[in-house]
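Chemist: Protein chains in written order, with the numbering used here: chain U, 9 to 961; chain L, 431 to 512; chain S, 361 to 578.
It is worth saying that the hints were derived from the structure and are not from the lab.
Cβ coordinates follow ideal geometry from the N, Cα and C atoms, glycine included.
Warning: the hint list may mix true and false statements.
Below, a list of computed lysine to aspartate or glutamate pairs in the EDC-like style, where the Cα atoms sit at most 20 Å apart [stated by the list, open to error]: (1) S:386 with S:402; (2) U:932 with U:895; (3) U:861 with L:466; (4) S:573 with S:451; (5) U:854 with L:460; (6) L:459 with U:247; (7) S:386 with S:440; (8) L:459 with U:855; (9) U:807 with U:600; (10) L:459 with U:895; (11) S:386 with U:596; (12) U:156 with U:96; (13) U:606 with U:596; (14) L:459 with U:596; (15) U:861 with L:483; (16) U:851 with L:483; (17) L:459 with U:677; (18) L:459 with U:717; (19) U:14 with U:82; (20) U:932 with U:955; (21) U:665 with U:709; (22) U:665 with S:364; (23) L:507 with U:247; (24) U:851 with U:683; (25) U:159 with U:82; (26) L:459 with U:865; (27) U:854 with U:587; (28) L:459 with U:82; (29) L:507 with U:857; (30) U:368 with U:388; (31) S:386 with U:430; (32) U:851 with U:865; (33) U:861 with U:717; (34) S:573 with S:364; (35) U:764 with S:451; (36) L:507 with L:483.
Stretch-level coverage of chain S by chain U, calculated; a stretch enters the list once three of its residues show a Cβ under 8 Å from a Cβ in chain U [as the list claims (entries may be wrong)]: (37) 370-383; (38) 539-553.
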Amino acid sequence: MSRLGKQPGERIARDTTVTFTFDGKQVQAHEGDTIASALYAAGQRTFSRSFKYHRRRGLMCVAGQCPNCICAVDGAPGARACTEPAREGITVTHVNATPSLEFDAMRATDIFGGPFTPPGFYYKTFIKPRRLWPLYEKILRNAAGLGKLRKSQPEREWRTEYRRRHADVLVTGGGIAGLNAALAAAQLGADVVLADEGAEPGGQRLIGGEVHEIAALVERVRGAGVEIIDHGSALGYFDGMVPVWQRDTLHQVRAAQHVFATGAIEQPLVFAGNDLPGVMLAGGARRLVSLYAVSPGRRAVVATTSDRGLDAAVALRAAGVQIVAIADLRPDAGDAARALRADGVPVFAGHTVIEARGSKHVDHAVIGAAGIGSGGDEHEFECDLIVVSGGATPASSLLLQAGAESAYDPARGHFALAALPDGLHAAGEVAGAETDETVAWSGELAGLQAAHALGRATDESTARVTELEGLLAQPNAVAIAVAPPVSGEGRGKCFACLCEDVTSKDVHLSIEEGYDSIELSKRYTTVTMGPCQGRMCQLPSVRLMAQETGQSLQQVGTTTARPPWVSVPMGILGGRPVEPAKRSAIHDRHRELGATVKWAGDWRRAYDYGDPEGEALAVNRAAGLIDVSTLGKLIVRGPDAGAFLDRLYPNRFANLKPGRIRYGVISSDAGRIVDDGTICRIDDETFYVTTTSSGAGAVEEWFSWWLADWGDDVQLTDVTQGLSAVNLAGPKAREIMGAVTDLDCSNEAFAYMDGKQARIAGVDCLILRIGFVGEVGYEIHFPSAYGEHVWDALMDAGKPHGLRPFGLEPQRILRLQKMHILVGQDTDSESTPFAAAMPWIVKLDKEDDFIGKWALEHYAQQTPTTALVGFTLPNGHVPTEGAVVVDAAGTPAGQVTSARHSPVLDRTIGMAWVPEALAHDGAKITISDEGVTLVADIQTRPFYDPDGEVLRS
Amino acid sequence: MSFVLECPNCGVREVTDFGFGGEISPRPKERPSFRELNTYNYFRRNVAGVQREWWFHRSGCRAWFIAERDTTTNEVKFTALP
Amino acid sequence: MNLDFLIPAADDGALAHSPMEPPARKAGARFEVRDGWNVAVEFPSRSAAEDAVTWADVSHLPKVELQGASAAIDAAAGVELPFGTAVRQGDAWWCRLTGTRALIVGARPALESADGVNTLDVTSNFAALTVMGPLARETFARFCALDLRPHVTPVNALRPGSIGRQPGILIREDEDRYLFLFGWATGEYMWSVVHDAATHLGGGPVGTDALAKVAVGA
C-alpha cells in the first residue's frame with residue numbers, strides 16, 4: 009500500500025487497518041478509504057470491463073458519477089468502488105469480465121467485432137437465421153452487462169425502510185452553497201433538511217483541504233437545527249417530494265421550498281482512446297490525492313479548457329506528480345498558466361489531447377491543435393496519467409425534473425438554468441456561480457429567498473437579499489474554452505458514452521440512419537441511458553449531433569430529465585415487506601380447523617377445510633357454516649333512505665316492509681351490472697345493505713358519490729369490518745337455529761327473505777333468511793368482537809346435526825348448482841341484467857328515474873346477442889374457467905365463466921356466455937378447452953332445486 | 431405522480447389518500463336521446479389544462495369533493511365540497 | 361327491529377375480543393376481563409422501550425358515530441366541534457369527520473334525547489392502538505405520510521388519513537402520545553406494521569395498565 013505523506017484534508021485514519029478481498033485477493037485499507045482508493049493505493053489500475061467491447065476501464069471521476077468502477081459487493085452488483093466505503097471483511101468482485109479482469113475472453117468484440125456491433129446491432133447482425141435468435145440472445149446477454157444477480161441468492165437479512173419527513177425547506181446538495189442556504193433558511197426559523205451525497209458535507213471544497221473551516225460551518229448549520237442526511241442521494245423530484253436514499257433508508261422528503269445546490273459535473277474530453285485506464289478527470293485525480301493520500305500517477309499530461317485543469321496540475325505537482333505537459337484549449341491560458349510555465353511546466357495554449365496510447369494502460373499522450381483528426385502541430389509525451397477537464401456542466405437534472413428550464417450558453421459551452429418555477433431555488437455551481445465567493449453568496453441568497461417565500465422575512469434579511477443580489481450581479485465569469493465535440497477521430501475509438509460503449513462514430517452513424525433528433529438518437533444508441541444517467545455523455549452527444557446536423561446546440565437541445573438521478577437498488581424502493589391484509593374475526597379458528605387460507609381481494613379467506621366437495625355435500629345433506637364476514641355491509645339511514653335506494657337500484661325498495669329482505673342488482677347509467685346483494689329494511693328510515701366481498705368499497709363509494717350529487721337526507725355508514733357474518737345453511741339449519749335462539753323458526757314465522765333480531769349465546773344478532781347456497785339458510789350478522797364466540801356456539805349446537813364448516817370453494821359449487829351469478833366472475837363490465845338472465849330485477853315501470861333506467865329501457869327493446877346460461881357435461885371433464893365456446897365454424901362465440909363438479913348431482917355443471925340462438929334448453933354448445941373439444945348441453949334453469957322449493961320450505 | 435390535495439374536511443394529504451372520480455360530467459336532467467346518453471356515459475372531454483373533477487377521500491373522511499386541477503402539471507387550483 | 365346488533369354489549373359470559381389478541385398473546389400479554397372485554401393489561405416489562413416507543417391495544421374503547429346536521433351535532437356535543445381537532449370531554453374524544461358525521465371515541469354517551477341526531481355504535485368498526493414515547497412520531501414516519509411535526513399537528517389534532525396503507529384516524533392525545541384508529545379486520549396486519557417499525561426503533565408493546573389518563577385540555 010503506497011501512500012503519499014500526510015495531506016491537509018485527508019479522510020483516512022492511518023492508524024487503522026481494514027481488510028477486504030477483491031477478486032479473492034486480500035486488500036488492506038484504512039478507515040475512511042473507499043474500495044477504489046484502497047485498490048488504487050495497492051496498485052490496481054483496471055477496475056472493470058466495459059459494457060459492450062470489454063475494454064479495460066480505470067478510475068475516472070472518483071466521485072460516483074461515471075460507470076468505470078462499478079463492482080459487486082458481497083454479491084450485490086451496482087456498487088461504485090470510488091464511493092463505497094472499504095469495510096472490514098467485505099467481498100468485492102469485478103463485473104462483466106470472464107474469466108478475469110486481466111484476461112477477458114470477450115475482449116475479441118473490441119478487436120474484431122467493430123463492424124458487427126454498430127448501434128442497434130442486435131437488430132442487424134444477429135437477425136438471421138431467425139431460428140438462431142434464442143442462441144444469439146443467450147450469448148449477447150452474457151456478453152453485455154454491469155454485473156449479474158445470482159440466480160439463487162442465500163436469503164439475507166436486508167432491512168430497507170421508508171421514512172417520511174416533512175420540511176419547510178429541503179436543501180439538496182451539501183457543498184458550500186447548500187450549507188449556506190440551509191443555514192440562512194434555518195436562521196430565519198424554517199424547518200430545514202439538508203441532503204448530501206457525501207460521507208460528510210463540504211462538497212468540492214473538501215479537496216481543497218479547508219476541512220476545519222468546513223467543519224465549523226457544518227457545526228453552525230447543525231446548531232441552527234438543520235437535519236443533515238449524509239450519504240443521501242436525491243433520486244428525483246416528484247411534485248414537491250424528493251426521495252433521498254441513505255444507506256438502507258429511503259427518506260421521502262416533502263418540502264414547501266426546495267433549494268438545489270447540486271453543483272456541476274466535470275466533463276471528460278472526447279478523443280482517441282479516451283477510456284484507457286490512466287485517463288482521469290482533474291477532480292478525480294485531486295480527490296485521490298487530497299482525500300486518500302494516493303498518488304494517481306508519476307508522470308502526467310494535463311488537458312483542460314479552464315483553470316480546473318491548471319489547479320489540478322498545481323495540486324498534483326505539490327503531491328510529487330511530474331507534470332510533463334499541459335494542453336490548455338484557451339488561446340491565452342492566463343495567470344495560472346504563466347505561473348506554471350515559470351516553474352518549468354510546458355503549457356501548450358490552444359491545444360488539447362488527441363490520443364491516449366497504451367495497451368493496458370496509458371503510456372503515451374499525444375496533444376495537438378483542437379479539432380477533428382490530427383493537426384500538424386503534434387507532440388507526444390511518455391506518461392502514465394492523462395488528467396482531463398472539459399469544463400463542467402450544471403447538475404441540473406433534479407431541477408429540470410421539477411419544471412425548471414435550461415438554455416444553451418455558448419460562452420460556457422453548456423446548458424445553463426434559464427427559468428425556475430415557484431418554490432424552487434438553485435444555488436452554487438448549478439446556478440452558474442463559479443468562484444468560491446459567489447458560490448457562498450448564491451447559497452445564502454437561495455436560503456433567504458426560500459425562507460421569505462414561507463413568510464419568514466425580516467427587515468435585516470430583506471436588506472441582505474438586496475445586498476447579495478447586487479454582489480451576484482457583478483461579472484464574475486471565469487475564462488473557459490468550449491471543448492470540441494471530438495478530437496483525434498480516426499486514431500482509435502473516441503467514446504462519447506462510457507456506460508454503453510458508444511463512440512463518436514456510432515453517433516454519426518445513427519444520424520446517417522435517420523435518428524437525427526437527440527431523443528431518437530438516445531434510444532437508438534442508448535447514449536445517456538447507462539448508469540451515469542447522462543452526467544458524462546449528455547453534453548458530448550449533443551455536441552456531436554450539432555456538429556453532424558449543422559444545428560446549434562440550443563436547437564439540438566437535451567433529452568428529458570427523468571428519475572432516478574442515481575442508480576438505486578430495487579430493494580430500497582420496495583420498502584418493508586408487509587402487505588395489507590384483512591382478516592375475519594374468526595380467522596384463527598379457521599386455521600385451527602385446518603382451513604386452506606387464500607387471498608380473496610385484500611382479505612385472507614378460508615378457501616376450504618381440506619374437502620371442498622365433502623363440505624358442499626354436507627350443506628346439501630345436513631348443514632354447513634361458512635364465514636361470510638367479508639361481505640360488504642352498509643347502513644343507509646335517513647328520511648330519504650327508501651327513495652335514495654329506489655334511485656340507485658333498478659328495482660323497488662321504498663315499499664319494502666321492515667323485517668323483509670329483497671335482492672338487488674346495482675347497474676350503472678350504461679345499464680351494466682356493477683354489484684349485487686341483499687337489502688333488509690330495519691325500520692322506516694334504516695336499511696341494511698350487503699354487497700359482494702370484492703365490491704364493498706366500490707359500492708360505498710358509488711352510493712356516497714350519488715349522495716354527494718343529489719344531497720338526499722341520508723347517512724351512509726360502512727360497517728363491513730364492524731360486523732362478522734356467518735351463513736348457516738342446510739336441511740338441518742332450522743333445527744340448529746331453533747336450538748341457539750328463542751326464535752320461532754317455523755317457515756310461517758320465519759319465512760324466506762325475512763330478517764329478525766335474536767340473541768345467540770348472549771350476542772345480539774341480525775339474522776337474514778336468504779339462500780345463496782340453495783338450502784334453507786340464515787345469514788347471521790353480529791359485532792366482530794364476538795366472532796369466534798358466536799361461531800363456536802353455532803358449531804357446538806350443530807354438532808349433533810352433522811354441521812360442518814365450509815369454505816369459499818364449496819360455496820362456489822353450491823351457488824353454481826343454483827345458477828346464482830358471481831358478479832365479476834360470471835359477469836363483466838359489459839353485462840346487462842337482461843343478458844345475465846335477470847330481466848325480472850329491472851322494474852322499468854317505476855315512475856321515477858333511477859340509475860341505468862335510460863340505458864336499460866334501450867336494452868329491453870333489444871335482443872341480446874349473447875346470453876348467460878348453464879350447461880352440463882356428461883363425461884366428467886371440468887372445463888377451465890375462461891374456456892372458449894365456439895360456433896360451427898370453430899370461431900369463438902362465447903366463454904365459460906364457471907365450471908365445477910357437483911357432488912350432489914355427480915356431474916359437471918357450469919355457466920357460459922353463448923350466442924342468443926343457443927340459449928335454450930336442449931341446445932348443444934361446443935367448448936374448446938386448451939385443445940380439448942367438449943360438447944355440452946344447455947340448461948337455463950338451476951341445476952339444483954330449480955323451482956326453489958327447498959329454499960322456501 | 432406525487433402531488434397533494436386539500437380535502438375540504440381533513441386538510442392536505444398525499445394524492446395516494448384519494449380516489450379519483452374523473453372529470454365532472456353532469457347526469458342529464460331529462461330523458462336523453464340515445465346519442466346524448468352515450469355521450470354522457472362514454473365520452474370525456476379529456477382536457478389538457480384545468481378541469482373540474484371528482485375526488486374521494488378514500489383513506490380519510492370518505493367524502494366526495496370537487497377539485498380543479500391542471501392535468502398538464504397536476505397543480506390543484508382549489509377543492510370544495512359539492 | 362333496531363340497530364342494537366351493532367353494539368358489543370353481550371351477556372351470558374360472552375367475551376369481546378380485540379383483533380390484535382393473537383399477536384399480543386404471542387408477545388406475552390397478560391389478559392384481564394374489563395367491562396366484558398378481554399384486555400391485554402400487561403406485557404413482560406421492557407423499560408428501555410419506554411424511552412423509545414410503546415404501543416397498547418385499546419380496541420375496546422367504545423366508539424359511536426353521530427349523524428345529523430352540523431348544528432345538531434354541535435348541540436349534542438354541547439360544544440362546537442371544529443374540523444381537524446378532537447375535543448376531549450370526560451373520557452372521550454369528540455371528533456368531527458364531515459359536516460354531518462362525528463365520531464366519539466372512549467365513551468358511549470346517552471344521546472337518545474338529542475334532537476336531529478342519530479347514533480350508531482361503531483366500536484368494532486375500529487381497532488385502536490395508543491402509540492407513545494419520544495419516538496412515536498418517528499415510528500409513524502415509517503408507515504404514514506401525515507405531517508406530524510408539532511407545529512402542523514398540535515396536541516389534540518385530529519388527522520384522518522392513510523396510515524399503514526389503510527384508512528386511519530390519528531388523534532394526538534398528548535406531546536408524545538397518539539391514538540390510532542383503523543379497520544377492525546386490519547388489526548393483525550396493523551399490529552405487524554407498528555411492531556415492525558417500532559421494535560426497530562427500540563420500542564415494544566405495553567398493556568393498558570401502563571396508560572396514564574389522558575390530560576384534558578391543552
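Chemist: Hint by hint, say whether it matches the structure.
Modeler: These are the hints, each one checked on the structure:
1. S:386 with S:402: holds, 13 Å
2. U:932 with U:895: The hint holds at about 10 Å.
3. U:861 with L:466: Since the Cα atoms of residue 861 of chain U and residue 466 of chain L sit roughly 14 Å apart, the hinted pair holds (cutoff 20 Å).
4. S:573 with S:451: Status holds; Cα separation ~9 Å.
5. U:854 with L:460: Given that 20 Å is the threshold and the Cα spacing comes to 16 Å, the pair holds.
6. L:459 with U:247: violated, 38 Å
7. S:386 with S:440: The hint is violated at about 43 Å.
8. L:459 with U:855: Cα-Cα ~15 Å, so holds.
9. U:807 with U:600: Since the Cα atoms of residue 807 of chain U and residue 600 of chain U sit roughly 17 Å apart, the hinted pair holds (cutoff 20 Å).
10. L:459 with U:895: Outside the cut-off at roughly 43 Å; violated.
11. S:386 with U:596: holds, 13 Å
12. U:156 with U:96: Judged against 20 Å, a Cα distance of about 23 Å means the pair is violated.
13. U:606 with U:596: holds, 14 Å
14. L:459 with U:596: Cα-Cα ~51 Å, so violated.
15. U:861 with L:483: violated, 24 Å
16. U:851 with L:483: violated, 32 Å
17. L:459 with U:677: holds, 13 Å
18. L:459 with U:717: The hint holds at about 12 Å.
19. U:14 with U:82: Cα-Cα ~31 Å, so violated.
20. U:932 with U:955: violated, 23 Å
21. U:665 with U:709: violated, 26 Å
22. U:665 with S:364: holds, 19 Å
23. L:507 with U:247: Distance of about 14 Å is within 20 Å: holds.
24. U:851 with U:683: holds, 17 Å
25. U:159 with U:82: Holds. Residue 159 of chain U to residue 82 of chain U sits at ~15 Å (cutoff 20 Å).
26. L:459 with U:865: Holds, at roughly 17 Å.
27. U:854 with U:587: Answer violated: residue 854 of chain U to residue 587 of chain U is near 45 Å, above 20 Å.
28. L:459 with U:82: violated, 68 Å
29. L:507 with U:857: Judged against 20 Å, a Cα distance of about 35 Å means the pair is violated.
30. U:368 with U:388: holds, 18 Å
31. S:386 with U:430: Violated, at about 52 Å.
32. U:851 with U:865: OK: residue 851 of chain U and residue 865 of chain U at ~10 Å, within 20 Å.
33. U:861 with U:717: holds, 18 Å
34. S:573 with S:364: Status violated; Cα separation ~30 Å.
35. U:764 with S:451: violated, 35 Å
36. L:507 with L:483: Status holds; Cα separation ~11 Å.
37. 370-383: Since 11 is at least three, the answer is holds.
38. 539-553: holds (count 9)
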